[in-house]
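Asks: The residues making up each chain are set out below.
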Amino acid sequence: MEDASAQQAHVHAPPEGFLRKYVFSLDHKVIGKQYYALGLLAVCMGMVLSWLMRFHLVWPTARIPGLELLSKAGAPGGIITPEYYLSLLTMHGTLMVFFVLTNAPFAAFGNYFLPIQIGAEDMAFPRFNMMSFWTTLVAFLVLILAFVIPDGPPISGWTSYAPLSAVGKDAGPGMGWGMNLWAISIAIFCIGSLLGALNFISTTLDLRAKGMTLMRMPICTWAWFITSCIALLAFAVLLPACILLILDRTAGTSFFIPSGLVVSDRLQPHSGGSPLLWQHLFWFFGHPEVYIAILPSMGIVSHILINSMRKPLLSARVIIYSMMSIGFLSWMVWGHHMFVSGMNPFSSLLFSFPTLTITIPATIMTLIWLGSLYGANIRINSASLFALGFISMFVSGGVSGFFLAQPSIDIVLHATYFVVGHFHMVMGVASIFGVFAGTYFWFGKMTGRMMNETLGQLHFWLTFIGTYCIFMPFHYLGLVGNIRRYSAFVNDFTGPLMPLHKFITIAALGTGAAQLVFIFNLIYSRYKGAPAPENPWNGTTLEWSIPSPPPWNNFGGKHPVIYHDPYQYDVKGSKGDYIMQDSPEPSAG
Amino acid sequence: MSSTIYQPVRTPPPALRGSLLPAARVAKVLSGAEGALQSGIWVGIFAITMSFAAFTSALFVRQGSGADWTHIALPPVLYANTLALLLSSATLQMARRAVTAVPPFEPRAVRMGLGWLMATLALGFIFVAGQFEAWRQLAAQGLYLATNPNSSFYYVLTAMHGLHVLAGIVALALVVGRIAASRAAFRKSTFEATATYWHFMGVLWLYLLLVLRTKL
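One line per chain: the protein sequences are A and B, in this order. When we follow the numbering used here, the leftmost residue of the first sequence carries the number 1, and every step to the right adds one. When we follow the numbering used here, the leftmost residue of the second sequence carries the number 590, and every step to the right adds one.
With the rest of the complex left out, here is chain A (with noise of 0.2 angstroms):
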């Protein structure tokens, strides 16, 4: 009788039959772990592409057996000719952005753990995340369809630039139905990342414990929900961009082509139309982007440096407020992707003093993590090696950032390896790490049972000093003039560099292999991993409160009631070294 009336109050009836229960589930928890297996997906087949361009870069005459069947006109004889190179350069930064950064660190974490730390049943709209996860699925099949239609995939770049973005066929190889999926892929995908972020925020608002007030929910709660306040701007913008990039290329409207455009000796019979405006639409969302991808990850690291340094850091409040003051200084920055563009040199000044003004809280957000560590005893695992690996990485690539914030010097630096070496970092890798972060101190959690141990240190390992022999040469191949976007490097000038080149595609390779050890240790401790406590690293917030795994209503029915901020650790006279959220023992000695 009590089960029934538990039920009744939930917002949605326990799952029955397979398809409900796995498939198309209204669970956040399989929700989740459905975007983790799509970033997985993603992120596998976006390394493979980055190998193939590697590989390429250092040995363009070498064949690649097998290529040829993936593309006949892009790899004739499974050499890649230059425009597959670009295309492949498409594909890589599309999965990546899209479905693997903004995907795992946030819509998959989040998804799994935001209501749950909150103490919520589920999302609020637990029919609205589900369309999300499974638009987000359309959208990335109809990606992929790019490789397999005649036409391949576009040639555009991640950014799709008008006007060749917009033209059509005539743009090249992939310019035609492959830029159409590739505008209607995202197109989707903002819809499904709208669904997603307004989820989030209700949730948020709404659904947590008595208790849990604002400054009471965990570090990465609040990451997931400045960045779904980020995303639902963000995404609300691109959608509009692409719609109207979709009218250009198949409703004849010149929307960014201008007057007398000639591509392909063919004049294009469009007229007055706005190059620029689609980069200002784009990189209005693009920047913003950039924090969708980090901020997650600066939470989720936290969280876990706090748990292995078992003592609050110097000040969470700060983290909070840094993370807001970064996302809102976001939406000012746009501008700094767009320093040679030919947009007035006035207003590159204008973008360039906030871009330098975000360094100033993620500088804040690095020195307390750094001056929390002083003098932590802290546990070193997998998890919290990454999460120290995270700020390593963030600082790295983020130094990088002071030189590019500059239009004199980005203006030199732009077209050059520099750039790729400074977002890789900063953004990219930062963030994974995040994700791998999240993934050995919540795998427990999640699956109910532990990730080995060894093999994730070994990985940890591997994987960092491999994307510092990938990365950081990156900065100097740039400071030396080495453009980027180039599919070959075979002149006097580029020539001695090529010694350089092959360490980045060895590593590369080696790193990526690497991944391998990753991945099997996922597969292996699902099946034979030690079983999960309900909390193994003793932590304080709400999701080590309830069993490995979770029950599909996340707390039985009961509805937890919280008495302490989230990171109550080194608590003079207490029974432990640590008190749990909703423990009503109290904090003061």
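Since the hints were derived computationally from the structure, they do not count as laboratory data. We put the beta carbon where it would ideally sit given N, CA and C, even for glycine. One or more hints might be untrue.
Partial chain B-side listing against chain A, Cβ under 7 angstroms, derived [as the list claims (entries may be wrong)]:
#  : residue
1  : GLY629
2  : VAL632
3  : GLY633
4  : MET639
5  : SER640
6  : PHE644
7  : SER654
8  : ASP657
9  : ARG725
10 : GLN726
11 : ALA728
12 : GLY731
13 : LEU734
14 : ALA735
Computed far set for chain A versus chain B, every beta-carbon distance over 12 angstroms [said to hold, decoys possible]:
#  : residue
15 : PRO15
16 : MET53
17 : PHE55
18 : VAL148
19 : LEU247
20 : VAL318
21 : LEU329
22 : PHE353
23 : THR359
24 : GLY466
25 : TYR486
26 : ASN491
27 : SER574
28 : GLU585
Chain B: place on chain A using the hints.
Replies: Using the frame of chain A, we list chain B on its own:
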């Protein structure tokens, strides 16, 4: 019987009685999902506003970028449509007053509420049909989507708004269905959220009309 349909605060189930939660809080926990509906609608409105802000800024940039910016005369039927949409907001308010009157769900009030809701739906359909007629009138003048930037923006903005209105019509139809099938659980929050959305559609249209009139 009618009281089973409309329950703003449900009685706490036995599982929660005597728990640590005070009664008022139990009600709040249970109605959390309903509160989320209202904030969810506002979050959605925020996102839609952002999208139309993006369209508007695109319009401003496009106006300055080419020499082909012209002027199109708005089809007069737009003003009739505007009237229909504004009237529909008024009828929706009447429906809201009837349905949420005290005592709630008194059969005569429900009948009246349903009547007003049907009027709202009808006015919504008239608006959409009128917008379609405006397209036909423009097309008759030879103004299509790709004719010039002004007509492009006209079709894009009205189509986007029209799609959102259609979504509102679907939501309203669901509300009508739930109220009409008196055995089904009807949540006041669904009605309130739909009403908020519908009024926003009117406000958004007034803004768009201003933009269309002054810029195109």
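Asks: Now, for every hint given, state plainly whether the structure supports it.
Replies: To see whether the hints hold, each was checked on the structure:
| no. | hint | result |
| --- | --- | --- |
| 1 | GLY629 | holds (4 angstroms) |
| 2 | VAL632 | holds (5 angstroms) |
| 3 | GLY633 | holds (6 angstroms) |
| 4 | MET639 | holds (4 angstroms) |
| 5 | SER640 | holds (5 angstroms) |
| 6 | PHE644 | holds (5 angstroms) |
| 7 | SER654 | holds (3 angstroms) |
| 8 | ASP657 | holds (4 angstroms) |
| 9 | ARG725 | violated (18 angstroms) |
| 10 | GLN726 | violated (20 angstroms) |
| 11 | ALA728 | violated (14 angstroms) |
| 12 | GLY731 | violated (14 angstroms) |
| 13 | LEU734 | holds (5 angstroms) |
| 14 | ALA735 | holds (4 angstroms) |
| 15 | PRO15 | holds (17 angstroms) |
| 16 | MET53 | holds (33 angstroms) |
| 17 | PHE55 | holds (40 angstroms) |
| 18 | VAL148 | holds (31 angstroms) |
| 19 | LEU247 | violated (7 angstroms) |
| 20 | VAL318 | holds (27 angstroms) |
| 21 | LEU329 | holds (17 angstroms) |
| 22 | PHE353 | holds (21 angstroms) |
| 23 | THR359 | holds (27 angstroms) |
| 24 | GLY466 | holds (40 angstroms) |
| 25 | TYR486 | holds (31 angstroms) |
| 26 | ASN491 | holds (37 angstroms) |
| 27 | SER574 | holds (21 angstroms) |
| 28 | GLU585 | holds (15 angstroms) |
Hints 9, 10, 11, 12 and 19 from the list above are not met by this structure, while the remaining hints are.
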